[in-house]
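Undergrad: If you want the building blocks of each chain, they are given just below.
Protein chains: 2
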Amino acid sequence: MPKLQIIIASTRPGRVGPAIGTWVAEQAAAHGGFEVELVDLAEVNLPMFDEPSHPRLGNYSHDHTVRWAAAVAAADAFVFVMPEYNHSFTAPLKNAIDFLSAEWRHKPVGFVSYGGMAAGTRAVQALKPVLAALDMVPVTQAVSIAMVGQKISSDGQLEPDAAMDTAAKLMLDELARWTTALAALRTG
Amino acid sequence: MPKLQIIIASTRPGRVGPAIGTWVAEQAAAHGGFEVELVDLAEVNLPMFDEPSHPRLGNYSHDHTVRWAAAVAAADAFVFVMPEYNHSFTAPLKNAIDFLSAEWRHKPVGFVSYGGMAAGTRAVQALKPVLAALDMVPVTQAVSIAMVGQKISSDGQLEPDAAMDTAAKLMLDELARWTTALAALRTG
Numbered sequence: 001m002p003k004l005q006i007i008i009a010s011t012r013p014g015r016v017g018p019a020i021g022t023w024v025a026e027q028a029a030a031h032g033g034f035e036v037e038l039v040d041l042a043e044v045n046l047p048m049f050d051e052p053s054h055p056r057l058g059n060y061s062h063d064h065t066v067r068w069a070a071a072v073a074a075a076d077a078f079v080f081v082m083p084e085y086n087h088s089f090t091a092p093l094k095n096a097i098d099f100l101s102a103e104w105r106h107k108p109v110g111f112v113s114y115g116g117m118a119a120g121t122r123a124v125q126a127l128k129p130v131l132a133a134l135d136m137v138p139v140t141q142a143v144s145i146a147m148v149g150q151k152i153s154s155d156g157q158l159e160p161d162a163a164m165d166t167a168a169k170l171m172l173d174e175l176a177r178w179t180t181a182l183a184a185l186r187t188g
Numbered sequence: 001m002p003k004l005q006i007i008i009a010s011t012r013p014g015r016v017g018p019a020i021g022t023w024v025a026e027q028a029a030a031h032g033g034f035e036v037e038l039v040d041l042a043e044v045n046l047p048m049f050d051e052p053s054h055p056r057l058g059n060y061s062h063d064h065t066v067r068w069a070a071a072v073a074a075a076d077a078f079v080f081v082m083p084e085y086n087h088s089f090t091a092p093l094k095n096a097i098d099f100l101s102a103e104w105r106h107k108p109v110g111f112v113s114y115g116g117m118a119a120g121t122r123a124v125q126a127l128k129p130v131l132a133a134l135d136m137v138p139v140t141q142a143v144s145i146a147m148v149g150q151k152i153s154s155d156g157q158l159e160p161d162a163a164m165d166t167a168a169k170l171m172l173d174e175l176a177r178w179t180t181a182l183a184a185l186r187t188g
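Protein chains in written order, with the working numbering: chain H, 1 to 188; chain A, 1 to 188.
Any given hint might turn out to be false.
One copy or two, either will do: identical chains are not told apart, so a pair holds if it fits within one copy or between any two.
Claimed, not checked - List of simulated lysine to any residue pairs, SDA-like, C-alpha gap at most 20 Å:
1. K3 - R177
2. K151 - A74
3. K151 - H106
4. K151 - H54
5. K128 - N59
What the hints contain is simulated information worked out from the structure, not anything from laboratory work.
Could you put together the complete structure from these sequences and hints?
TA: Dropping the structure here:
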């Protein structure tokens, strides 16, 4: 089975990212089309980009880069679980992306974004040109969680509604289709 | 005189940002309309955003945030000296912006971008919605340095051409006009 990596893109104390990432991982496991891995950028704990060579060369000089490259290379598809800071993506997510190059190439990405009235969607739109630069494919079917604070229980769990469950299923189906389609480019 | 802060937005080993920032600082000093300060994000050395409260509250819990807030609050206008990573802005720049809120508000920003054929301009465009979210004003007159590797001398200095000098002058003139215009909002 292809490997789906679910990446939690916020790292600040008090974030809701892990609650949402856990729900996405459960949905993906129930979907059945993927081997599922949950990756928390707070645990990956990369420094600010510190490689002297361009990532396109794959000439990594730090152990943290070699480890991150191996983790991303092992995945066939991604879901980014992402909030919106100042109408765009978070620095930890951009930093984790910029560290690598070929490891991302020709792989699809689904988005589970969250926020206030805009549901984090401006961050998703801001990220699409970045993904295009890496020859990644953004999947249109997304989960967009508005007013996320009202959807977290007192014990810190996400309380999904039926629309979110349906949107996750559509996103995972489309990720599976793209994963198959892009495999030809990755071996070609 | 208003204070112009020139912020070097890349931090990686081997970057050309300091060479370009030094040239911008010289141009700004020669312009005469500003007190000029050069700020290197590699020296500021912020961690990934780690404040538990939203920056809008100004309720900072870390010394590094308090120091950065004081530095930005003291400035009246900015020039971002910025490369483009994967067609967008760098993580260190987004991180430094996201740490604060009111300290940026109602201040103008000029751009000196650099890169290959696109001269870093896609990163500038990606940043404009972020600046809008903070009620900052991006100045249209910019310095866009294409094929920057060919403009750095063997001893690591920027070798500007006449077009760059002219563009810098126009940018600084417009920054001065916006700084005056926005002062009314900041005291109002």
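Undergrad: I'd like to know which numbered hints this structure contradicts. Please list them from smallest to largest.
TA: 2, 3, 5
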